[in-house]
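Visitor: Residue-level listing of the chains:
Protein chains: 2
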Amino acid sequence: MREISIVGAGMTKFAKMPERDVIDLGREACIKAIKSSGVPRKDIQIAYCGTARTGQLLNRECGVGQTILLDIGISGIPVTSVGNFCASGSSALREAYLAIASGMYDVALAIGVEKLSVRKGKGLPLTSDGVTLLTALGFSPPAYFAEIATRHMYEFGTTEKQMALVTVKNRGHSRYNPNCQYQTSVTVEEVLASRPIVDPLRMLNCCPTTDGAGAILLCAKDLAWKYTDKPVDIIASSLHFGLYEKNKDMTTFNSDRASGKEAYEMAGLGPKDIDVAEVHDCFSIAEILHYEDLGFCPRGEGGPFVEQGKADIGGEVAINPSGGLLSRGHPLGGTGLAQTTEIFWQLRGEADKRQVPGARVGMTHTMGGFQDSIELADVASSCIHIYRQGW
Amino acid sequence: MREISIVGAGMTKFAKMPERDVIDLGREACIKAIKSSGVPRKDIQIAYCGTARTGQLLNRECGVGQTILLDIGISGIPVTSVGNFCASGSSALREAYLAIASGMYDVALAIGVEKLSVRKGKGLPLTSDGVTLLTALGFSPPAYFAEIATRHMYEFGTTEKQMALVTVKNRGHSRYNPNCQYQTSVTVEEVLASRPIVDPLRMLNCCPTTDGAGAILLCAKDLAWKYTDKPVDIIASSLHFGLYEKNKDMTTFNSDRASGKEAYEMAGLGPKDIDVAEVHDCFSIAEILHYEDLGFCPRGEGGPFVEQGKADIGGEVAINPSGGLLSRGHPLGGTGLAQTTEIFWQLRGEADKRQVPGARVGMTHTMGGFQDSIELADVASSCIHIYRQGW
Chain A
4 MREISIVGAG MTKFAKMPER DVIDLGREAC IKAIKSSGVP RKDIQIAYCG
54 TARTGQLLNR ECGVGQTILL DIGISGIPVT SVGNFCASGS SALREAYLAI
104 ASGMYDVALA IGVEKLSVRK GKGLPLTSDG VTLLTALGFS PPAYFAEIAT
154 RHMYEFGTTE KQMALVTVKN RGHSRYNPNC QYQTSVTVEE VLASRPIVDP
204 LRMLNCCPTT DGAGAILLCA KDLAWKYTDK PVDIIASSLH FGLYEKNKDM
254 TTFNSDRASG KEAYEMAGLG PKDIDVAEVH DCFSIAEILH YEDLGFCPRG
304 EGGPFVEQGK ADIGGEVAIN PSGGLLSRGH PLGGTGLAQT TEIFWQLRGE
354 ADKRQVPGAR VGMTHTMGGF QDSIELADVA SSCIHIYRQG W
Chain B
4 MREISIVGAG MTKFAKMPER DVIDLGREAC IKAIKSSGVP RKDIQIAYCG
54 TARTGQLLNR ECGVGQTILL DIGISGIPVT SVGNFCASGS SALREAYLAI
104 ASGMYDVALA IGVEKLSVRK GKGLPLTSDG VTLLTALGFS PPAYFAEIAT
154 RHMYEFGTTE KQMALVTVKN RGHSRYNPNC QYQTSVTVEE VLASRPIVDP
204 LRMLNCCPTT DGAGAILLCA KDLAWKYTDK PVDIIASSLH FGLYEKNKDM
254 TTFNSDRASG KEAYEMAGLG PKDIDVAEVH DCFSIAEILH YEDLGFCPRG
304 EGGPFVEQGK ADIGGEVAIN PSGGLLSRGH PLGGTGLAQT TEIFWQLRGE
354 ADKRQVPGAR VGMTHTMGGF QDSIELADVA SSCIHIYRQG W
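Chains as they are written, first to last, in the working numbering: chain A, 4 to 394; chain B, 4 to 394.
If you're looking for bench data, these hints aren't it; they were derived computationally from the structure.
The list cannot tell twin chains apart, which means a pair is met if one copy fits it or any two copies do.
With a cut-off of at most 27 Å between alpha-carbon atoms, the simulated DSS-like pairs for lysine-lysine come out as follows:
| id | residue 1 | residue 2 |
| --- | --- | --- |
| 1 | 264 | 275 |
| 2 | 45 | 251 |
| 3 | 313 | 164 |
| 4 | 35 | 19 |
| 5 | 233 | 16 |
| 6 | 164 | 275 |
| 7 | 35 | 16 |
| 8 | 45 | 264 |
| 9 | 356 | 16 |
| 10 | 38 | 356 |
| 11 | 38 | 16 |
Sequences and hints are given; from them, build the entire structure.
Guide: Written as structure tokens, this is what we have:
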């Protein structure tokens, strides 16, 4: 397959910004990505825009990408809207990657954006797909992840303290990331004393509601030298959706495992080779499951893994040096390309005080899902990319 | 680039079916496509689902494709939602095409589906993107195409009778297509006597509101022999979005021209080589513009082109032998893959009494757009595919 490099990346600050719309957010991310890349607008041949539920909110199911591009002076190229729940931004990157890999295009722009601070329906769940029956009955994402946490505690002895330590680690990183919604550290005690959401999850175990956008410029690797001395290569891209039937093992995501396996095979690498990873810590327990499903530690050992500092900057693999979703917030379609932007900066040594020393290989992982009220089952899509310094 | 073939296609009947949901419609189309192909479910490696506004209606922004696949017993593969206004289904086909072209996948399924017969907001316009300001002011698609018709009549002497003849031709074809919402012929007099919508457009100049789905199975050409003796090759795929600023020439779509040019170049063919085409006749005047923009006749001569029978089966190029959107109806995301299904049947000689004799090369053309209330401009995406008998 054709080799592909990232030559520019940009993101807005993630925050509640009720006065800004998705077009404004996407424009800022695109302009930053373009400025960081040296790619002239005229070189951009195709674009994808990932959103999970912006359509429902803003009555623009498909036009977000086109409108953003018009605003920055680009028209005439193919622009396609992409959706995949919370993995919508990552899926936009993946389609851009496939478009270049096909040989039909050389330079592509991927955008991911979402606005959650202003909602049409007050009290609607923040899931990317507020599917009717189960969520109407109260089975929202916090309830789902609380069940997972309870089972993980029962099966493996994982503790509330260990879950709290995920938040403590990520919020610790956030102090050095001006793009995060929260930029202050918290203690284990503060996490455990925060208000209950669904037992055993407390407020600080859950990612906040946020607005934001990210954008990535990528091109065929043999052209990357035109734009930058420090391209970041995408060496794997995988996506799988998994079905989680009732009575299944709740403490593992088969979509994570399938996507992880494919990505490692494609990259010719294993978990030990990853220096830095941005993973989908929508809830602290989710990050613990991802350690296990992505092979950073054995099944059931995610709790001790974070407790022993192995997920710290300077540990075995630096997980969420950006602060993760728990600090940055999670604007659904906006998240994936903020993760990729962080890895782009990390591998180029541009991550300032949160820099992972010597980071050469990075990973992003987003997971999006919904509860299928027809099948009475849970569906999740895991999208993984692996990146390497390309110079 | 890797060569790609269609090995199976299927569609539901298009009709108002308020009792059926998008999952049910999509499932039927997929099962028909799979049955027509001989592709075992386990061979399908990736899927795309195109919808324009189903999310807003059914509270399922992203999960339509995954739920359809679960219903037909497929999980674990990558599934991505794709949107591009009325060209959403065609864009799903295009992403499937690019995914195989990349070399990462060999067999892909594209789904396009929409349900318009039941709407959340009574009286909302049927555009794929009910953008706020202009449509709230009454500038709906019929108003837009009425302006175009008026200008085309002024510039080129196009007549109401010529526009009516587009409907007469397409409704004539529909008599032999059991998948159409309307399956009866109409006369010029009936079109001209039908109730006014926006002058000069009358009811029978406008496509009806419909529910429906289509599905296409495609694979690398070198594998097609495993599944069928009569693969249909995709020899071009193009997509462009164009901006139509105020005071521009209203009688041509630059997105059509750009996509047409690219598709012809990619196929190494010209308009004269197309035996049969399904084009986006959302309004009769639209089909006349497409004749011109796609090069079937010179600028301004679309009216005489249809009047002289050149767009008939047996004419220079058979346009919309299926009956087109004017007969089949237009369920936004469902349209593109119904067009491709028709061309698949036509090139395989399976189109029954509406068969275009000797059809070897076919084209599909869908156009989707919206009015951008920020730029106060019109935006359209034109998606074109060219197909050839692959045996």
